[in-house]
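For the protein sequence lines, the chains are F and D, in the order given.
Numbering-wise (our numbering), the first sequence opens with residue 1 and increments by one.
Numbering-wise (our numbering), the second sequence opens with residue 228 and increments by one.
There may be inaccurate statements among the hints.
Listed below are the simulated DSSO-like cross-link pairs for lysine-lysine, each with C-alpha atoms no more than 30 Å apart in a straight line [stated by the list, open to error]:
#1 261/D / 64/F
#2 105/F / 282/D
#3 64/F / 237/D
#4 105/F / 290/D
#5 156/F / 229/D
#6 231/D / 40/F
#7 280/D / 23/F
#8 66/F / 246/D
#9 64/F / 229/D
#10 66/F / 302/D
#11 291/D / 156/F
#12 229/D / 22/F
#13 127/F / 280/D
#14 69/F / 246/D
#15 290/D / 131/F
#16 112/F / 246/D
#17 149/F / 229/D
#18 23/F / 237/D
#19 231/D / 64/F
#20 290/D / 191/F
#21 229/D / 112/F
#22 291/D / 149/F
#23 69/F / 284/D
#24 280/D / 149/F
#25 69/F / 267/D
#26 69/F / 291/D
#27 229/D / 224/F
#28 261/D / 66/F
#29 191/F / 282/D
#30 27/F / 149/F
Derived, one-sided and incomplete: chain F residues facing chain D with beta-carbon distance under 7 Å [unchecked claim]:
#31 100
#32 103
#33 129
#34 131
A short list of chain D residues far from chain F (calculated; beta carbon distances all over 12 Å) [what the hints assert, rightly or not]:
#35 231
#36 252
#37 269
#38 277
#39 280
#40 283
Note that these hints are calculated values from the structure, not bench results.
The structure displayed is predicted, hence computed values, not measured ones.
Positions of the beta carbon are idealized from the N, C-alpha and C atoms, including for glycine.
Read off the chains here:
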Amino acid sequence: MKSSVIIFPGSNCDRDMDVALKKHGYKNKMVWHDDIDLPKCDLVVLPGGFSYGDYLRCGSIAGKSKIIKSVIEFANSGGLVLGICNGFQILTETGLLPGVLQQNKYLNFICKNVHVKVNNKENSYFKNIKKEILELHIAHNEGNYFCTKDELEVIKNNNQIALTYCNTEGSDEEEFNPNGALNNIAGLFNKNKNVLGMMPHPERMIDKYLSGNDGSIFFENLIKNYI
Amino acid sequence: MKVKVIVTLKNGVLDPQGKAIQQTLNGMGFVDVKDVRQGKYFDIEVNETDENKAKFKIDEMCKKLLANLVIEDYKIL
């Protein structure tokens, strides 16, 4: 499976993502934001970080960069697009995903491990995944997902909620919500389920001795579904 | 000409920074402060002498970049 990781000025999880993808058998290429064309690939990753210093709104400037037109075309033609953290924020700013990621409810930068529940397995990302509750890392100031009531209805009706914050048992009550996100949303699909935005960082959980390997489960599953 | 734009959060959208500012003001003794909403202000200089044309362009800029219409409203002054 061929992948492309886009680098924006201020991205800082791009190299971690490169390492994670290669470790799990992906043929990855790094792509500069100022390029116009994407290399031929099956998966585009918008990595975490602070693109353009989070100026104006998180992800807003990156959402207008040169490469984004190709990313939108790629997504609209059915290509897999994965946005992690700042990448998720960029996806909402481009309109590929609905809603917006606002500042965390209690105004604090949150950096810790959380558990998230896989809500929808009928897609390329989570089909046949062997664990439904994943322990992943979050590190963000703006992860508080928000959308209008009407949009939320549409999201629910289309089963677009990919991941929700939960406890170790998978209970996704409000008390296990770290940042105030609507309905504990940690990850979200577009209608066709080929675009996925998520606040947790799977690329930080690929070594059981350093962190954990639930991120590996995610990457292994995705490439397996592709083959 | 110069055009001013104010972007604010829509009514009903949680504004934690505004809330923190309000609580701080209350704590400082400004007990009459009931609510604070924080926003952004832009001073934009455009190469255009016709006010209507300039504002038309700025309106497009607001919709496309300066404001996120999911949570924000804008006013061109």
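Straight-line alpha-carbon gap residue 27/F to residue 149/F, limit 30 Å: Violated: residue 27/F and residue 149/F sit about 40 Å apart, past 30 Å.
Residue 231/D paired with residue 64/F [C-alpha distance capped at 30 Å]: holds (22 Å)
Pair hint residue 229/D and residue 22/F, alpha-carbon separation not exceeding 30 Å: Measuring from Cα to Cα gives roughly 51 Å; hence the hint is violated.
Restraint check, 7 Å cut-off on beta carbons, for residue 129/F near chain D: violated (30 Å)
Beyond 12 Å from each Cβ of chain F, as asserted for residue 277/D: Holds, because the least Cβ-Cβ distance between residue 277/D and chain F comes to about 26 Å, which exceeds 12 Å.
Proposed proximity, residue 267/D with residue 69/F (alpha carbon, max 30 Å): Holds: residue 69/F and residue 267/D sit about 27 Å apart, inside 30 Å.
Given as non-interface: residue 231/D, which should sit over 12 Å from chain F by C-beta: holds (16 Å)
Pairwise hint evaluation, residue 66/F against residue 261/D, where the allowed Cα distance is 30 Å at most: violated (44 Å)
Holds or violated: residue 66/F to residue 246/D, with C-alpha atoms at most 30 Å apart: Given pair residue 66/F, residue 246/D is violated - Cα atoms ~37 Å apart, limit 30 Å.
Restraint status (C-alpha distance of residue 64/F to residue 237/D at most 30 Å): holds (23 Å)
Proposed proximity, residue 290/D with residue 105/F (alpha carbon, max 30 Å): Distance ~26 Å between residue 105/F and residue 290/D Cα, so the pair holds.
Pairwise hint evaluation, residue 246/D against residue 69/F, where the allowed Cα distance is 30 Å at most: violated (37 Å)
Violated hints, in rising order: 1, 2, 5, 6, 7, 8, 12, 13, 14, 15, 17, 18, 21, 24, 27, 28, 29, 30, 33, 34 and 37; the structure is consistent with all others.
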